[in-house]
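The primary structure of each chain is shown beneath.
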Amino acid sequence: MKLVIGIVRPEKTNDVLEALYRSEVRGFSLSRVEGHGGELDRVETYRGTTVKVGLEDKVRFEIAVSDPFVQPTIDALCEGGRTGEVGDGKIFVVPLERVVRIRTGETDDLAVTPVHA
Amino acid sequence: MIDTSFIVAAARVDTGDTAWMLCATALVLLMTPALGLFYAGLVRAKNTLNTFMMCVAAIAVAMVMWAVVGYSLAFDGDGALIGGLGYVGLHGVDFQPRDGTTIPHLVFMAFQATFCIITTALVAGAVVERMRFGAFLIFAALWSVLVYAVLAHWAFGGGWLISGGTLDFAGGVPVEMGSGFSALAAALVVGARKDYGRQALLPHNAVYVLLGAGLLWFGWFGFNGGSGFSTGNPSVLAFTNTLLCPACTLLVWFLLDLLRGRQVTAIGAATAIIVGCVGITPAGGFVSPGWAMLLGGLVALPCYAVIVFRPRTGVDETLDVLAAHGVAGFTGILFIGFFAEASWNGVSDGLFFGNAAQLGDQALAALAAPVYAFGATFLLLKVLGNLMPLRVDDYEEARGLDVTEHGEEAYPTGEGAILVTPEAGIEEPVPVADPA
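Residue numbers (my numbering), protein chains in the order written: chain A, 1282 to 1398; chain B, 11 to 446.
Since the hints were made in silico from the structure, they are not lab data. We put the beta carbon where it would ideally sit given N, CA and C, even for glycine.
In silico BS3-like links for lysine-lysine, alpha-carbon gap of 30 Å or less: (1) A/K1293 / A/K1333; (2) A/K1371 / B/K204; (3) B/K204 / B/K392; (4) A/K1333 / B/K204; (5) B/K204 / A/K1293.
Here are some of the chain A residues that sit facing chain B, going by a computed Cβ distance under 8 Å: (6) E1292; (7) N1295; (8) E1315; (9) R1323; (10) V1324; (11) E1325; (12) T1326; (13) Y1327; (14) T1331; (15) V1332; (16) K1333; (17) V1334; (18) G1335; (19) L1336; (20) T1364.
Build out the structure end to end from the sequences listed, making use of the hints.
Shown next, in the form of structure tokens:
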């Protein structure tokens, strides 16, 4: 049971969603974040003010999965998020101590296995 | 050689007419930034500025081309297909009244210039979110002469349509059908956005859209109300019809929205305002207020149908210029053929009042304008496309054209922005992961 955190380009969000769907990974959270991963600084000019923008918009996926789904999730994030340019993002896989589904009280693998309503 | 210009000069400039036309010219110019706002609200946030800038750029490019050569080709002489070169560089365009009007030639030229500008900006709606800004500037410059000026000559400047009897009060031929069918050609040549049909590409700010539509309507009183070039009856009639017709379009659009989705939509309402204003544009000074109201309701039907149908095709005519302008202008031009009323316009009756020939003249324009606009724009962009790339690359399209084409964002947060001081100069960007 792992928490897979994927940070990707906002414009690749839809591709990642499609790839996750194809891998039958159904449960995830998504948030908009800003960060820097070594890409070129962007230069913007507003009238006389020129700035270097070091923070890029990114989208952060958090996906808790049971062990058999860890690799498919990573593959989906890579496949959907990759452009080949610096700034495609990172994937962090961290161990999960405990998961509880609030509705039923189910824990761990049961709680990260999606139910079909 | 006897100089005959003094005979023309004998016609008098009317101060009241001139005052109104100066205001009307400013009103029509306002329509272009208003269109920028309308378009900017309809695109995704990352393309807001690029979309708005296409409209701003149209003011620059089309105005200059108009002064240099466009005005002359449109309004010098009465050649069947194209005007002369007598007014190139605004030569001889001065304070004397323009033939057939009581306003100075300069004011007439300026008023017509604002039409050329807004029409050029309209075409941008077909290619937003993927066309290169530089390529658009060149396209706009050529289009404003090769397509707009030609159609303006046909319908306004003494060309074969107006001399053949076609009635077009304020630009159903050059402005509305000209932009609408050109937009279709532009969308086909430039091609669809890469996410088109794969992702939901939604308007990012419906308030901009409504505000833009409201300002367009406001400007349209100058557009239609000024197209009589006076404060006389045709102008008064067109002005009032510009109030009545879009109001009816709004109501019918609400009804269509209710029938289709059980809810009245705001972006639908903004679209209805445009469609109503476009519908009355050719007919404004020719039909009675009652028939103008019927036209308002009627014009909603084909435009609504095209707007619902178009996204189901592969044609990414992004902001539906064809539906809102091409189809609505087509409907308005034909409507004159049925319901023009000599007792109101002092010019001609339509079929309904016993003059079937007028419908024939209108049908001719409704056929010729789309064919020319589509064909000429298609060819122009095909040629340009062979000389330069028309589109940004896939990465730039994904990133958004605001940053990649203009180096600005519509909604910058300033977070993570490091001030580059003038003393330090702008350093070349260096990848942080790979310092030199």
